[in-house]
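Since chain A is already given, all that's left is putting chain B on it; use the hints.
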Amino acid sequence: MRLQLILIAATLASAGPARADGELSVRGAYYKERSTRVEQPMMDARFDVGEQGELRAHMLVDSISSASVAAGAAGTPFDEKRYEGGASYLHTLDIFRFGGGARASSEPDYKSAIASLRGEVALAQRNTILGLNLAGGRDTLSNEGAQSDIVDPIEGRLWTALGSLSVSQVLTPVLVAQGTYDLVYLSGFQENPYRSVSAGGTLEPERVPATRLRHAVQGGLRTFLPMTRTTLAGSYRFYVDDWGVIGNTPEVRVIQEIVPDLDAHLRYRLHHQTAADFYETTYPTADPAVEPYLTDDAKLSELTTQTIGLKLDVLASLVGIHGQLGQARAEAMFEYIIQSTYFGNAVAAQIAVTFPFRY
Amino acid sequence: MSRRARVTFLAVAAALSVAACARVKPYQREHLARRAMVSDEQPGEARFQQHARGSREGADGGTGEAGGGCGCN
Chain A
1 MRLQLILIAA TLASAGPARA DGELSVRGAY YKERSTRVEQ PMMDARFDVG EQGELRAHML
61 VDSISSASVA AGAAGTPFDE KRYEGGASYL HTLDIFRFGG GARASSEPDY KSAIASLRGE
121 VALAQRNTIL GLNLAGGRDT LSNEGAQSDI VDPIEGRLWT ALGSLSVSQV LTPVLVAQGT
181 YDLVYLSGFQ ENPYRSVSAG GTLEPERVPA TRLRHAVQGG LRTFLPMTRT TLAGSYRFYV
241 DDWGVIGNTP EVRVIQEIVP DLDAHLRYRL HHQTAADFYE TTYPTADPAV EPYLTDDAKL
301 SELTTQTIGL KLDVLASLVG IHGQLGQARA EAMFEYIIQS TYFGNAVAAQ IAVTFPFRY
Chain B
360 MSRRARVTFL AVAAALSVAA CARVKPYQRE HLARRAMVSD EQPGEARFQQ HARGSREGAD
420 GGTGEAGGGC GCN
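Taken in sequence, the protein lines are chains A and B.
Going by my numbering, 103 is the number at position 103 of the first sequence; the sequence numbering is gapless.
Position in the second sequence (from 1) plus 359 gives the number in my numbering.
So that you can see chain A by itself, here it is in the shape it has in the complex:
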């Protein structure tokens, strides 16, 4: 009898999100540093499609205010909005799960479209899940209509190809391991057209290689401690690309159940990367024969970022709401980001509510 009860409880628990036919999440995100502020309202929806399908969709607006078009440098203030929408579908067939999606983004001087295919296979009584994700994107840039002092037309295209392998392995009833390998190839216009670099005593437009090959390996462990109702997660990511950037990113998370239906999340992330081979703050000459590439982009410098985050996650059932609405969830998150670059330290915050629904 006890075994049957455990089986029923486990089945219900593992089917948690499927009890509703869908979920709608409304979220507001905020990011602020010395010279840049981003506000991003967004909506995410998930719909069950029959017994075996799942449709997800999202839309968002990025409202960016910055001291300059080349965010972070001194210059003309600007405000800009970016609109993004996307949808994906996954279908389950026995041990296989497959599907695809697309995402598009538009801002005054930049358009982007990405399509992706995903396949998963669950092995060893669903203890092992192998995944493959393939994506291709095309971005176009044009300064026509942009808030910039640059009057000469600038146009460019960027092609992106992603191949990603992932594995998730249940090791014990309270321990899961996970790993991902990403290979990304970029080809095309990768400069910031508004960034100028000091070279040979003059300001020159940024120029970087037309292609970039990026590798990123990420591995992690996640465990639950029943005695204290604590979930611990640790991960490490290694990154290397052919521009000479090498990154190391460890991260730890502690998720503590304060009371049933109320979790507190504490996070710490450390990121350190080396500079790109051709990065300089100033160049002795702008001669392409001597200096084929010019960039003082802080993202390509040696940098360290530390992120400390706190999140509270509460279900409506905590305040006595029952039934389907009791599964509605509210989240509040705050992050303090210590950046070694001239961007300075930043704060980020998010609030969200998620409602389950039937249709």
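Simulated from the structure, these hints should not be mistaken for lab results.
Be aware that a few hints might be false.
What the hints assert, rightly or not - Residues from chain A that face chain B, not an exhaustive set, calculated with beta carbons under 10 angstroms:
id, residue
1, D62
2, L171
3, S187
4, Q339
By construction, the Cβ of each residue, glycine as well, lies at the ideal position given by its N, Cα and C atoms.
Just chain B now, with coordinates in the frame of chain A:
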């Protein structure tokens, strides 16, 4: 076989061995089904963080998702 190839082979073999040994039954998955054990991030939360990091760090990736999609470089 080079040293790098041997290390890679041993790592893959060890991973497969671990995978072959682990057989957690469905009725043992109560704790694994907890939301914090599946993922403690909603898609929108992860997407915003990835977007912010992608515009401030030159070494993003490893999330299985294509980054970029904006002109904030």
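We went through each hint and held it up to the structure:
Evaluation of the D62(A) hint against chain B yields a held restraint, the C-beta minimum of about 7 angstroms falling below 10 angstroms. Checking L171(A) against chain B: minimum C-beta separation of about 5 angstroms stays under 10 angstroms; hint holds. Proximity of S187(A) to chain B is violated relative to the hint, the smallest CB-CB distance being about 13 angstroms (cut-off 10 angstroms). Interface restraint check: Q339(A) against chain B, minimum CB-CB distance 7 angstroms, threshold 10 angstroms, status holds.
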